[in-house]
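> Read off the chains here:
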Amino acid sequence: MDGVKINLKVNGQDISREVDARLLLSDFIRENLLLTGTHIGCEHGVCGACTIHVNGDPVRSCLMLAVQADGCEVKTVESLIQENGDLNHLQQAFSDNHALQCGFCTPGFLMTVSSFLEENSNPCEAEIRKCISGNLCRCTGYSNIIKAVKQAAQTVSN
Amino acid sequence: MTKYVGQSVKRKEDYRLVTGTGQFVGDIRAANMVEAVFVRSTHAHAAIKGIDISEAQALEGVHAILTGMDIDGIIKPLVQFESHCALPANLEEAINPTIHYCYEDVLAKNKVMYVGQPIAVVVAENRYVAEDAADLIKVEYMTFPVVVDPFKSMEKGAPLIQEHLQNNVQADFHVTTGNAGQALKDADHILKARIQTPRVSSNPLETRGVVSIHENRTDQLHVYSSTQLPFEIRTYIARSLDLAEQQIRVTAPDVGGGFGPKGGVHPEEILVPYLSKLLKRPVKWIEDRLEHLTSARHSRDQIHDVEVAYNLDGTILGIKDHFIIDSGAVNYFGLTCAYNSAYHLRGAYKIPNYDVTCQIVLTNKTPNVPFRGAGRPEVVFVMDRIIDMIARKLKKDPVDVMRKNMIQAEDMPYDQGILVKDGAKLIYDSGDYPAALEQGLKMVDYEGFRERQNELKKQGS
Ligand code: FES
Ligand code: FES
Numbered sequence: 001m002d003g004v005k006i007n008l009k010v011n012g013q014d015i016s017r018e019v020d021a022r023l024l025l026s027d028f029i030r031e032n033l034l035l036t037g038t039h040i041g042c043e044h045g046v047c048g049a050c051t052i053h054v055n056g057d058p059v060r061s062c063l064m065l066a067v068q069a070d071g072c073e074v075k076t077v078e079s080l081i082q083e084n085g086d087l088n089h090l091q092q093a094f095s096d097n098h099a100l101q102c103g104f105c106t107p108g109f110l111m112t113v114s115s116f117l118e119e120n121s122n123p124c125e126a127e128i129r130k131c132i133s134g135n136l137c138r139c140t141g142y143s144n145i146i147k148a149v150k151q152a153a154q155t156v157s158n
Numbered sequence: 001m002t003k004y005v006g007q008s009v010k011r012k013e014d015y016r017l018v019t020g021t022g023q024f025v026g027d028i029r030a031a032n033m034v035e036a037v038f039v040r041s042t043h044a045h046a047a048i049k050g051i052d053i054s055e056a057q058a059l060e061g062v063h064a065i066l067t068g069m070d071i072d073g074i075i076k077p078l079v080q081f082e083s084h085c086a087l088p089a090n091l092e093e094a095i096n097p098t099i100h101y102c103y104e105d106v107l108a109k110n111k112v113m114y115v116g117q118p119i120a121v122v123v124a125e126n127r128y129v130a131e132d133a134a135d136l137i138k139v140e141y142m143t144f145p146v147v148v149d150p151f152k153s154m155e156k157g158a159p160l161i162q163e164h165l166q167n168n169v170q171a172d173f174h175v176t177t178g179n180a181g182q183a184l185k186d187a188d189h190i191l192k193a194r195i196q197t198p199r200v201s202s203n204p205l206e207t208r209g210v211v212s213i214h215e216n217r218t219d220q221l222h223v224y225s226s227t228q229l230p231f232e233i234r235t236y237i238a239r240s241l242d243l244a245e246q247q248i249r250v251t252a253p254d255v256g257g258g259f260g261p262k263g264g265v266h267p268e269e270i271l272v273p274y275l276s277k278l279l280k281r282p283v284k285w286i287e288d289r290l291e292h293l294t295s296a297r298h299s300r301d302q303i304h305d306v307e308v309a310y311n312l313d314g315t316i317l318g319i320k321d322h323f324i325i326d327s328g329a330v331n332y333f334g335l336t337c338a339y340n341s342a343y344h345l346r347g348a349y350k351i352p353n354y355d356v357t358c359q360i361v362l363t364n365k366t367p368n369v370p371f372r373g374a375g376r377p378e379v380v381f382v383m384d385r386i387i388d389m390i391a392r393k394l395k396k397d398p399v400d401v402m403r404k405n406m407i408q409a410e411d412m413p414y415d416q417g418i419l420v421k422d423g424a425k426l427i428y429d430s431g432d433y434p435a436a437l438e439q440g441l442k443m444v445d446y447e448g449f450r451e452r453q454n455e456l457k458k459q460g461s
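First to last, the sequence lines map onto chains A and B. The numbering of the first sequence is my numbering, which starts it at 1 and goes up by one. The numbering of the second sequence is my numbering, which starts it at 1 and goes up by one.
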């Protein structure tokens, strides 16, 4: 299969690779860039575990081809941590509020919520519920995730 | 102790899980690793007439294709778990069980018994190529009549699911205490009902997956599986591949949810290690969601036909239950769910006359394993329905029927008159169920709810 050359920025780093035209963006991130924090739960856009940012928007990486990300700026869950290794306010809030059990869904939630909080720094509960309605968690239940989002929003506004 | 009890203790795994540095089975890699994809049955019951792998084999990047015939005599079939099928002698005497041997070839040989059963496995450079190849494999089937209704499956002359058996009733037992027959004669009323819990496919967010690395120098297998049962897997790999357990290390890395389906031993957990040894390369297989829905084990699927003897004041004198578990094509777990159901049905209630027969029936569905609660949630539902139905018949509040029948604090220790699965007597040592019920009712403001309900009924809304 002929390779296609793509250039993109991932977590601030310039990347240039040749990939199969049919390669999923999620597989590119996990298998080629070895950024395995992006998880795959369904591969058909249902669960949200594979959510990343493409040009600032939350996107399901299992529904995009790597070649479609050519020229884009991509961010994955690995970009959230602070430079000194501390958790950022949202990661900390998830941990503080027991918003994860197995943690498989967590990267997707973190990416969905972090772009949401950038647009809406003081959301009400209904808005938070709507924001996470496209992400599935099978273990934790959503109440603690909502609590975590509230705490994160408060930390930012303080 | 005061350091921990009542304190909020931070989980050690959170840091890696929120930073995307956890290690789930799909994240494990090794040099030279290749990927496996399974070809699965599209029929619920059929003979395999032929499998044509020639086109798939010719595809560039394909390293191996195995069918049932290739491993015949090399990999032993998956059989029922002895640890779950061996019962203590006193329990055997009390419940007179039959458990017939049943099994599944890790790749179907002559026939398939359920949709999703593995028929062939392809190993290739990566999953994309392996899936291309899997698509090129042609399986020729001759379909058999399909049995999906457990009652039809028990009929004389029904097509056999496991062909070495005389019929499709794989196991049965009878447990009894008091005299339920007499209670049914003595009671003011008899309730007859069929109460069912549906078949369930549990879906953890992470699907199943296996990575196996074979170390040639020491002939050791290191198997990673997203599993709830690493030690069972080690035992079954050893048994199926004729290895010593000491040659195998099974790691359950970060596991993205389990809930039951990751609690059996599945064919892939035997085949992937075998392939890594055969090919002398690490092999990875990650289940996709569709495979999980069809091939990962199911659960529940119980049908209870109950006869309940009760009096006008709501007292339950006795229960006679005949229940069926539709276990799909194989029952790996003996009486695990079945007997759990039988000895938990009465729950917190004092019902001295109790008689249960159970039949575990095979059908052309995905094999069952225990899911969360393992047979108990099913019968909690049955008992709750019995309470509700009696209340409705007597025009009483269900809570009053509960109160009437509960084991009282002063009855403790309370002997239920039957045995637990491990052969011990089923004796409740302590508890104040009525007090717990009252506390619960208060917490949800049950009375207030009933008042509001009556108000609304009056308003006709
Ligand atoms: S893996 Fe992309 S939405 Fe589920
Ligand atoms: S924590 Fe397990 S799926 Fe969300």
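Hints are computed from structural coordinates only; laboratory data are not their basis. The reader is advised that the hints may include incorrect statements.
[Stated by the list, open to error] Reference excerpt, derived from the structure (chain B facing chain A, CB under 7 angstroms, subset only):
1) D27
2) E82
3) A86
4) A89
5) P253
6) G257
7) R289
8) E291
9) L293
10) T294
Just so you know, even glycine gets a beta-carbon here, dropped at the ideal spot from N, CA and C.
> Mind listing which of the numbered hints don't hold for this structure, in increasing order?
Hints 2, 3, 4, 5, 8, 9, 10 contradicted; others consistent.
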